[in-house]
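Engineer: Chains as they are written, first to last, in this note's numbering: chain A, 1 to 726; chain B, 1 to 238; chain C, 1 to 284.
Calculated directly from the structure, the hints in this document are not laboratory data. Please note that the accuracy of each hint is not assured.
[What the hints assert, rightly or not] For the chain B half of the interface with chain A, some residues (derived, Cβ under 8 Å), not all of them:
1. VAL18
2. PHE24
3. LEU57
4. GLN131
5. SER144
6. ALA145
7. GLN207
8. GLY213
9. ILE214
10. ILE219
11. THR232
12. TYR233
Backbone N, C-alpha and C define an ideal beta-carbon position, used for all residues, glycine too.
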Amino acid sequence: MRTIPRIGGKLWPVCLLLALILLLPMMATAQDDAADEGETPAGEAVEEAGFGGENNVEEEILTEPVALFEEIIKPVPQPEQLSFEKPAYVEVNDRRNDEGGAFAITWASSPSDETEGYEYRVYHASEIGNGTSNWEQTDSIPTNAQYIWQDPGNFGFFLSERNHGSNDHYSMYENYYPATGVYSYSISPDPENPVVAVPDPDDPDKFIPDPNGTPRLIVSARIFDERIEDWENLPVFADLRPFFGEKIQLEYMGLDPNQPSAPWNHVFQGNSPFIPQKVTTTKPYFILFTAPVRGMAKAVMEIQPDADDLGLVKIDASGNEQQVPDNRFQHYFRLYVVPAGYAIPSQIPYGPTDEGNLSIDNARVIAEAINVEYGSNPEFFITATVNQDGTLTLVNHHPDEETIYVHDPGGNATGLGSLNRIEGTNRWMTADPVGEGAMEEDMIHLSIRDLPPDEWMVGSEIGPMVANANIWNVSRTNSALWALLICAGVMGFILRARSGASLFLRRIAGLDHVEEAIGRATEMGRPILYTTGLGYVSDIATIASFNILGQVARKIADYETRLMVPSRDPIVMAVCQEVVQEAYIDAGRPDAYNKDDVFFLTDDQFAYTAAVDGIMVREKPATNFFMGMFYAESLLLAETGASTGAIQIAGTDALAQLPFFITACDYTLIGEELYAASAYLSREPLLMGSLKGQDFAKMILMIMTFVGTLLIFANIDFIKQLFQAF
Amino acid sequence: MQLVRKHIPIAVAFIMGVAMFFQFYIPTRESSNFLSDVTQWNRVIAGFALLLGIYSLLNHHFHKLRRRSPGWGFSVVVYVGFFAMALAGLIWGIRNEPPIPTLNASGQVIGQVEVFVPFLWMYQYLFVPMQATMFSILAFYIASAAYRAFRARTREATVLLLTAIIVMLGRVPLGAFLIGYHPFGGEEEFLPWLTGWILNNPSMAAQRGIMIGIGLGMISTSLRIIFGIERTYMGGGD
Amino acid sequence: MEEKQNWMEWITTLDRRYIFLLVAISVIIPIVIGVILPVNVSPEVRSVYNYIDALPEGSTVMIVLDYDPASEAELYPMTLALYRHCFDRGIKVMSFTLWPNGAALIERAFDTIKLDYSESEMFPDGIRSGIEYVNYGYQVGGALVIIAAGQDIRTAFSTDYRGNSTASMEILEEINSLGDLDYVVDLAAGSTIDWWVIYGVQRYHFTLGAGCTAVSATQYYPYLNTGQLNGLIGGLKGAAEYEQLGGHPDRALAGMTAQSSVHALIVFLVVIANVFYFLTRKKG
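Construct the entire structure; sequences and hints are all you get.
Structural biologist: The structure is reproduced here in structure tokens:
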């Protein structure tokens, strides 16, 4: 019995051997390259990549911050000035001002926070503007601490693991592979009166205090990845969104920043990326987002690198470095950044309190989406709050954020969920289902309020608006189109089959031998055992099994051989009885049908298995059919049947059980061959047509996979986009 | 009768199939409520199916007892086991209770008495070992099946055999111990690395291909059921 | 010569009972000796571990025990390892099962774990039902439960295993649906992981990890590759890896030696069978 197709003809094993010889060293080489690159210090990496040099950051949303960015970015201290091994370089860029404020940094999510040997230090350069010199190193500071400085100057933050205690951990904070980019940070000498710098409209290279006094938090990121040698020609990373994670939180605190343990008002939370949608860059740094800040803010960034091989370096207890291939992880760092200017008191009037600053043209609430279209002022925050009377209050809005969230008056996220900005527009839609009681009578009142939530000042109230339901979830359109295409294919072939066209089906070895297997049992005078598996009538495999049972029973009826069908489910048993009875009637042998031979055993998996094994050992059927959904009992059944000398034909779509059936049975129907079996045996046009339709869909998928793979190499991913929700 | 046995079920299958298909794409509140309601109804029906299973089991064995069919003694065991567990659970409960403290004369706690729950005792000391035993038989059967069937009769069988050996050794600490280095200079031991490569590449590719095929087969079968072409689930043919 | 050939044929067609005996011996001896071998940690298991490790204190994780006592040997150790890890990190745990025989297993697992954390620093009052953990017991409906919980978790789980209403349960304060959970791990003996991916992750967009029996593990690598699963704990080996990562060695690590010896035995038997198969074929 050969169930594995021979590919490549007689040279198949040679081809396989060649493939292995080619593939394995290539993978090893990739790891070796990563290892060979070694530990280029963060500073060198920064300089090599021209951090702060050319401003070719391509963003559709932000361009001017690049100039400001440049002003504040200073060269990173050379690693030899640092006495660390393997620093993890974290950069924070506050581009709001260069006059100071407060700088606080907290971090978390070491996989082994509690193990000994972690050192965190902060480097501070009091000189603003130029130097790499005078970087002073703080003492080692504990993990999960929150540090706030009020001294002016630039900061760099370094994190390293000295040893790993007893656990096998990796240096996940390596400055490459990748890390968050947190560069220098500036503190205002007078945190009570921060000065916000904005580009001078007359001279973009210069900065002037922001006349509006709008503080901003600007967080930039930098990828430190030694594998990326040529940023200019690296299309794979041109769009950095996949490279970075999806969890970024913004939290605001309007309390005394001198109390680091004060709770944060958690205004924003969620899984949507704060990365501007179309940030592409040929440089390793880019702006994540900017946000107007009221009060103290911190940005929490959790990075989920998408790379398969991050080339992490493991440091063992002796401090030796070892490459760790194929390592991937999900979260490895959280950066809390508190920008300067934290001490803006909430009493300071701050837009959008004037109606003119914000207008909401139209808000349509859709049951699972809220569309809010608003006016052109991008400066203000809005979050939507559902009030107890069912009205919706928009509280904060950020033009560049992807998500604004909906909270109830208690500050908890409600069933209205989050609002996602529709790219390129001023429209926002919810991503989550709408909960109960979120709206009353479809009337929405929108108003703008200031932060923090417990001290909100009522801003302009906009509304009411009438909620209208959307008829169609646009983001799932491509999925619907695919489904309809496949349906059309199936129905088309069914119609074609009905019209009498001849449709070719390839041979399925297992089914070709059904007749032979039945004949064998008849000759030996022994019964035939047919089991539909452990599935329920709702399982597709069980339904396919019914079809095969009908065909098999029809053949058996002619031979007057005894057919036993033990069932695990009473409904399945009932259907089997009907199927077998119909088959016998169709064959003209209703008298040969014995109802007691189609019986229910038990619904417990292994009790059923033991019972069927017992039947096989006692009754010694000459032929066993295992068709349907099987779990762990597949080998028990097949081995016991093999030990009785029966010929066995199995078919299942349970991937995990296929190897056991292939090993222990004479013929096996693999996966969809089980579904095709009914068409194959009956040759009924409708069934054949649906099978061809299925093949048609498979052909399209294969072509798209092949073409799409080729196009991906050319950095054209539109085929991939066709399969993604938008 | 045809109307009830054939046409109405087909109509219901068609209507619900199409409705649930479009429900996925309609984001309205009504659609969401509809999904919740249908889900709840389905769960209720699934619950009734359990009752049907109990009835079928007892009915089947009752007939065996009545007719004194071969093996009727085991039907007695079925009844005893069924009612023992059911009654034990109904009378004494099915959940662990906290121990009852033993108090002395002055009311101080001097000890505690564990609460004996018969259902849990039978579950833990009868049911669990029996289930675990049946599953454990697989280990022996796998060994004997492997011994019997893993023969390098053909080239494909040889590849299968070699892969099985690599994966079997790579998935246990012994594999790392056997070849304690990586010939290509990687950090991980060779066999576990190779096992991981096999699982993440050729095996995954093959699984994915089969899964796609199965998925399409499910779509096709489901379409046949929705459009009434496939009617075996109702029992019998046309 | 003929005697030698008969002997070789006897080896080739060895009675399975001898094989059963050898398997039994190769399992019993390592367990009796009690040697524990360290395991290398695979990236799939590490993914699950790291994800939970990175969750902040107070997060809520759903660990679904979709198995029955038959699969307890492989999946129960990873259940305990996951529970311990979560409680070590101050993470709240919710559990239920889609298998009727699995409900008592959840209760047993929590009862076991409670003893370890009764006076821990993280939980001075111990771990309490409805606050730090909750067991919803067996839920009828299979994939429908996942959809129902994705719509509204309180409607899907109206009471816990002990009959307490979930309407005002403290652990559900910030949780309205599956999408609000910080992580879901499905420990499955059957095909419920497919349901969680199709009806859970794709609809309600939460992060899903999985644990499964070793035999099923290979079929979930496609999901791992596409990111629909963020990690996979496969079989007893996966459980042993997790125990090693978490620093709570238990049954899984203890069982790896026996598993190693059985695997070695099977490899040996297969090699022997092939050697003698070829020898007898040559002679014959």
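Engineer: Next step is simple, just say for each hint if it's right about the structure.
Structural biologist: Each hint tested on the structure:
1. Hint on VAL18/B is violated. Least Cβ distance to chain A is approximately 11 Å, over the 8 Å limit.
2. Because the closest C-beta pair between PHE24/B and chain A is about 7 Å apart, less than 8 Å, the hint holds.
3. With a cut of 8 Å, the hint placing LEU57/B at the interface with chain A holds, because the nearest CB-to-CB distance is about 6 Å.
4. Annotation: GLN131/B was flagged as interfacial toward chain A, and the flag holds, the nearest CB pair being 6 Å apart, inside 8 Å.
5. With a least beta-carbon distance of about 7 Å to chain A, the hint placing SER144/B at the interface is held under the 8 Å criterion.
6. Annotation: ALA145/B was flagged as interfacial toward chain A, and the flag holds, the nearest CB pair being 5 Å apart, inside 8 Å.
7. Here the hint on GLN207/B is kept, as its CB sits about 6 Å from the closest CB of chain A, short of 8 Å.
8. Hint status for GLY213/B relative to chain A: holds, with the closest Cβ pair at about 4 Å, below 8 Å.
9. Annotation: ILE214/B was flagged as interfacial toward chain A, and the flag holds, the nearest CB pair being 5 Å apart, inside 8 Å.
10. Look at ILE219/B: its Cβ gets to within about 6 Å of chain A, closer than 8 Å, so that hint holds up.
11. Hint status for THR232/B relative to chain A: holds, with the closest Cβ pair at about 4 Å, below 8 Å.
12. Because the closest C-beta pair between TYR233/B and chain A is about 6 Å apart, less than 8 Å, the hint holds.
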